[in-house]
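Residue numbers (the working numbering), protein chains in the order written: chain A, 1 to 437; chain B, 1 to 437.
In short, the hints are calculated from the structure, not lab data.
Keep in mind that this is a model prediction, so the values were computed, not measured.
Just so it is clear, CB atoms sit at the ideal spot from N, CA and C, and this is done for glycine as well.
Hints are supplied without guarantee of correctness; some may be wrong.
[Unchecked claim] What the simulated footprint calls covered on chain B by chain A, stretch by stretch (three residues with Cβ under 8 Å from a Cβ of chain A suffice, anywhere in the stretch; the number is not a length):
{"no.": "1", "segment": "35 to 43"}
{"no.": "2", "segment": "48 to 61"}
{"no.": "3", "segment": "124 to 136"}
{"no.": "4", "segment": "185 to 197"}
Number of protein chains: 2
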Amino acid sequence: MTERALPHVLVVGGGFGGLWATRALATAPVRVTLVDRTNHHLFQPLLYQVAMAGLSSPDIAAPLRHILRRQRNVTVRMDVAREIDVAGRRVRFDGGTLDYDYLVVASGARHAYFGHDEWARHAPGLKTLDDALQIRRHMLEAFEAAERAPDAREQAEWLDFVIIGAGPTGVELAGTLAEIARHALPQEFRHSDPRRSKIHLVEAGPRVLPSMPATLSERARRQLERLGVSVHLGRAVTAIDARGVELGDERIDARTVLWAAGVAASPLGMQLGADVDRVGRVRVAPDLSLPSHPDVFVVGDLASVMHDDKAVPGVAPAAKQMGAHAAAMIRNRLAGRATRAFRYRDYGNLATIGRMAAVVDLGRVRFSGAPAWFFWLWAHLFFLIGFRNRAVVMAEWIWSYFTYQRHARIIVAGRDERQGRAARDLEPEGQQPDSDA
Amino acid sequence: MTERALPHVLVVGGGFGGLWATRALATAPVRVTLVDRTNHHLFQPLLYQVAMAGLSSPDIAAPLRHILRRQRNVTVRMDVAREIDVAGRRVRFDGGTLDYDYLVVASGARHAYFGHDEWARHAPGLKTLDDALQIRRHMLEAFEAAERAPDAREQAEWLDFVIIGAGPTGVELAGTLAEIARHALPQEFRHSDPRRSKIHLVEAGPRVLPSMPATLSERARRQLERLGVSVHLGRAVTAIDARGVELGDERIDARTVLWAAGVAASPLGMQLGADVDRVGRVRVAPDLSLPSHPDVFVVGDLASVMHDDKAVPGVAPAAKQMGAHAAAMIRNRLAGRATRAFRYRDYGNLATIGRMAAVVDLGRVRFSGAPAWFFWLWAHLFFLIGFRNRAVVMAEWIWSYFTYQRHARIIVAGRDERQGRAARDLEPEGQQPDSDA
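The shape of chain A in the complex, shown without the other chains (with noise of 0.2 Å):
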């Protein structure tokens, strides 16, 4: 087959970067294989609304064989990257090894814990769908508890949650809870009032949305608080355990805490041979190509990229940016062409909060409250791939708004390892696990 000795393109990762350096490579001259560790496509900046249970998980997420499924010159493969040889061009997978003449590396990021990987299981983060459904099942489980609870204190704990970190994750689980907790249960509990949940955001730095100008982070501080949002900034975590979090020598009390402050690049980018910042990214040329080995692209979240002396930040925009730009330089490298420096487009930067309440930074302009809360919708229905998925997502967000109710309060996948694991192991024999009550 002819076919075969096309020249090719392996790109780890099927994120934003990873996609987008894929499909950019639809017409050219090479065969291209898209691996990633799991099957889809996720749409990130909504993975916060199916962990607060507002969508379900296909809302957000696509296979990426089906997205590609007409761009012919690609294969797409779930496996997971264990070995990238940069001298050898080659990839070890789990399901085998796979040698390449361009490697395009969009692994992205993970949460973490700045060295306390023991907060992980009290405080779990938000990266993938299997994050968001534990998050959305410690916080439906938590209310629940409350419920059942036998003395007001532990009931008091059930019904307080911490979230660390108040970039535009941390808000927007803050933002959410507080709705959830005001108008989405209230009715529906006999012994417990989930009205008096407290949502406490923690925040080491100044201020919250710290990639926001300093008056917007101000204003969505306010529309936090008139949610019921407790922010507490300035304050840095120092421990976490099953009933709460310190903060120096003050404590909150809270039996579910989420992590939305750290992250840290995938350590494939540790094999690449290349310098790497602080938190793990790659410090590619200026190009987007390791300045070692030229045939390797390093692109998104993994990438530790400069642009008119600022780091470029790890965003969706930011992320597609890159994926293009490496693929047009794979096509420029191949047609005997120099290769140009990646510069990035700063459209703008919005974060969403809750009901009505957003702030929108367009360089020149600034708003926040309910025009923000609609920009920011309409650009994030834009920019979900598929129109089954905009239809979707937007029929969930109208039926929401309406009727304050959250579809996806389904409890699946798995149990809380907060309650019941223990007894449950002690079940008598035959009775399954997962057999309804």
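Position chain B against the provided structure of chain A, taking the given hints into account.
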């Protein structure tokens, strides 16, 4: 509080039996507590569509406390029943003990492996949403594994499926799988051809859908074979391992085996001090109470009830009728009236097979094919709880019908134990198992 003085009815299980009992007590002079180990009522007749990636979990489930939010005499509690003390009139749960004046046990049934519990890991069954997500994962990952299989033999083993048991669930799974392999997936794979999947449906008895009249069983068999399913009748499974099943001296190689063969009643039934039948169902008095404890009722799949010398089948309409009957008998007792025998009203029997393929038995009227399929669709839409679910499921079905697509082809919630677990456990330190590749 005077309310506390009202008799306390404790309902264990929020399936059709327990939920209908609870609803039928809405205006009774009682306090009701409904306990389930999950937080939702599940519309089990459509569970196979969640397993086959056609519907999302929240489409066919609703939080029990949301369904019952306006019924003020009910407390919903998410908890796991451990021990029933019929003499002391109390039930011990993980989260504490509850006393009762009347008890309704509606804890249902679970799939069972005829004494071969070791088959469970190779052949998952389908009773809960967690089961459905596991089967979905097995199914989708099998096609992924076929795509990266190193040789033709292994590829064929991943493409082939065995479904054990040709009752309604087995027939639904086999027919849907055949459609997915033939229509939904083919254009998306490059190294494997899902159309070459073989779907084997294995039944120990002499015909499919044994609860149907023989003529409809035969029509169902022909419809299955037209969809491409190989139907093996009168063949009992003698062994199951990770690579296939044995039927006496015949072997079918297939890495994915699904179990739709046997049920066993919830083990709670054993604690009632009453007679149980071969599969653990409790033999109740004609009024559905326990002969020795008239304050205890057993309803739904856990109850063994005769009507007109025939066993009442373990189907949703029977469970609903039993739940409502138990509630009526509790009201009779409270009013000092006698109880009466349960009478099962059999409205008919229907089973779906695939696109335009189903069988319907309404007693005097029997039909199959497209009319039966439309009848099945409307009947199931009609009985779904909530306008929202009806609208969403109808939209999903219309969309799937025209596109041949299944929107929920998203692998979440854990990993397939059959592949990669060992490798994943050897991940380099710091790499999180769920991070995107």
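Evaluation of the provided hints:
no. : hint       : in the structure
1   : 35 to 43   : holds (count 7)
2   : 48 to 61   : holds (count 5)
3   : 124 to 136 : holds (count 6)
4   : 185 to 197 : holds (count 5)
In summary, this structure violates none of the numbered hints.
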